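Here this note's numbering is used: the first residue of the first sequence is 1, the next is one more, and so on.
Be careful, since some hints might not be right.
Said to hold, decoys possible - Capping the alpha-carbon separation at 25 Å, the derived lysine to any residue pairs in SDA-like fashion look like this:
1) K147 to R168
2) K214 to S171
3) K274 to G164
Derived from the structure by calculation, the hints contain no laboratory data.
Keep in mind it's a predicted model, so treat the numbers as computed, not measured.
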Amino acid sequence: MPELPEVETIRIGLDKLLPGKKVISEIHDWDKGFPNSKYDVQQFLTGAKILCVRRRAKVLLIELDTKYSLAIHLKMTGQLIFISKTKERWGGGHPSDSLVGHMPDKSTRVTLLFSDGSKLFFNDQRKFGWMRLLPSAEVSNLDFFKKVGPEPLSANFFAKEFRGRIRRRPSSTIKSALLDQSVIAGIGNIYADESLWEARIHPSERVNNISEAKLNTLFKSIQSILRLAIDKGGSTDRNYVNARGQRGSYLEFAKVFRREGQPCFRHPKENIIKLRVAGRGTHICPKCQKLRSTAENKAIRV
DNA sequence: CACTTGACCTGTCCGC
DNA sequence: TGCGGACAGGTCAAGT
Numbered sequence: 001m002p003e004l005p006e007v008e009t010i011r012i013g014l015d016k017l018l019p020g021k022k023v024i025s026e027i028h029d030w031d032k033g034f035p036n037s038k039y040d041v042q043q044f045l046t047g048a049k050i051l052c053v054r055r056r057a058k059v060l061l062i063e064l065d066t067k068y069s070l071a072i073h074l075k076m077t078g079q080l081i082f083i084s085k086t087k088e089r090w091g092g093g094h095p096s097d098s099l100v101g102h103m104p105d106k107s108t109r110v111t112l113l114f115s116d117g118s119k120l121f122f123n124d125q126r127k128f129g130w131m132r133l134l135p136s137a138e139v140s141n142l143d144f145f146k147k148v149g150p151e152p153l154s155a156n157f158f159a160k161e162f163r164g165r166i167r168r169r170p171s172s173t174i175k176s177a178l179l180d181q182s183v184i185a186g187i188g189n190i191y192a193d194e195s196l197w198e199a200r201i202h203p204s205e206r207v208n209n210i211s212e213a214k215l216n217t218l219f220k221s222i223q224s225i226l227r228l229a230i231d232k233g234g235s236t237d238r239n240y241v242n243a244r245g246q247r248g249s250y251l252e253f254a255k256v257f258r259r260e261g262q263p264c265f266r267h268p269k270e271n272i273i274k275l276r277v278a279g280r281g282t283h284i285c286p287k288c289q290k291l292r293s294t295a296e297n298k299a300i301r302v
């Protein structure tokens with residue numbers, strides 16, 4: 001679930017909390033947390049001071065003063081939760097909030113202890129996520145970074161490049177192209193659905209059936225939705241929380257995601273439906289988002 | 001080659 | 001109440 005806005009929200013939080021902290025020890029009892037590490041994590045992490053926290057695509061980069069970087073991918077259920085020396089509980093505050101808890105919990109994979117007594121917990125229920133400690137100069141050599149596409153909110157990223165990159169997948173569905181991290185970085189299932197509704201494009205539409213004008217609209221939709229989502233602290237669908245253990249509120253503003261059976265905001269008499277596109281649960285308004293070919297439109301709905 | 005599907009995991013929810 | 005199965009989705013490997 002962490003997509004660009006969630007990872008960016010965590011980054012903003014960690015970048016306020018972590019710089020200057022010195023790692024005094026590191027605990028991990030889960031080998032997969034540091035897969036194929038060439039570097040002894042204890043040796044290269046202990047004593048390092050944190051400089052800043054950056055993000056590329058959905059990967060967080062904790063930069064150390066030793067010219068090493070800790071790269072972290074949260075995949076679907078990863079959390080990074082910071083707890084200060086005096087605080088034991090984390091979370092949003094209400095006692096009934098199921099996301100509030102104590103750290104470490106049974107999903108904690110890695111714990112960093114800092115010299116001032118504060119701690120950073122890497123939790124991952126489903127164990128899909130990873131951390132890698134490596135020389136900062138080698139970060140760009142990670143397979144993931146070698147092929148990942150541009151940042152959608154970069155000041156240097158324009159509609160022309162967006163269209164060009166999307167069109168490299170002419171016969172795939174537009175949703176599949178949006179989810180392809182080598183085309184554009186950071187979009188996942190939630191924001192793909194939201195952006196396509198905003199741009200009135202059916203997720204199953206083939207790229208080469210989509211006009212240049214529609215792709216321009218989609219480009220703007222992606223940017224405005226990602227910006228709004230960052231502003232709202234991301235989307236908490238299941239277990240996403242920010243660095244302080246707080247939920248994001250974007251889903252209160254979502255137009256289609258997880259709204260199946262509820263009315264479309266443009267067509268109050270039409271209900272949002274859920275389909276399967278690109279192997280993912282996909283939410284659309286059947287009136288706003290029609291396939292260009294009506295024959296396909298009917299076939300898909302059966 | 002271009003694209004789609006399955007595997008990786010675990011917790012939750014639904015129907016029987 | 002317990003149990004099996006479907007589902008959730010980011011990315012990579014394997015399959016078509």
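So, going through the hints one by one against the coordinates:
{"no.": "1", "hint": "K147 to R168", "result": "holds (14 Å)"}
{"no.": "2", "hint": "K214 to S171", "result": "holds (16 Å)"}
{"no.": "3", "hint": "K274 to G164", "result": "violated (29 Å)"}
In summary, the structure is inconsistent with hint 3 from the numbered list given earlier, while agreeing with all the others.
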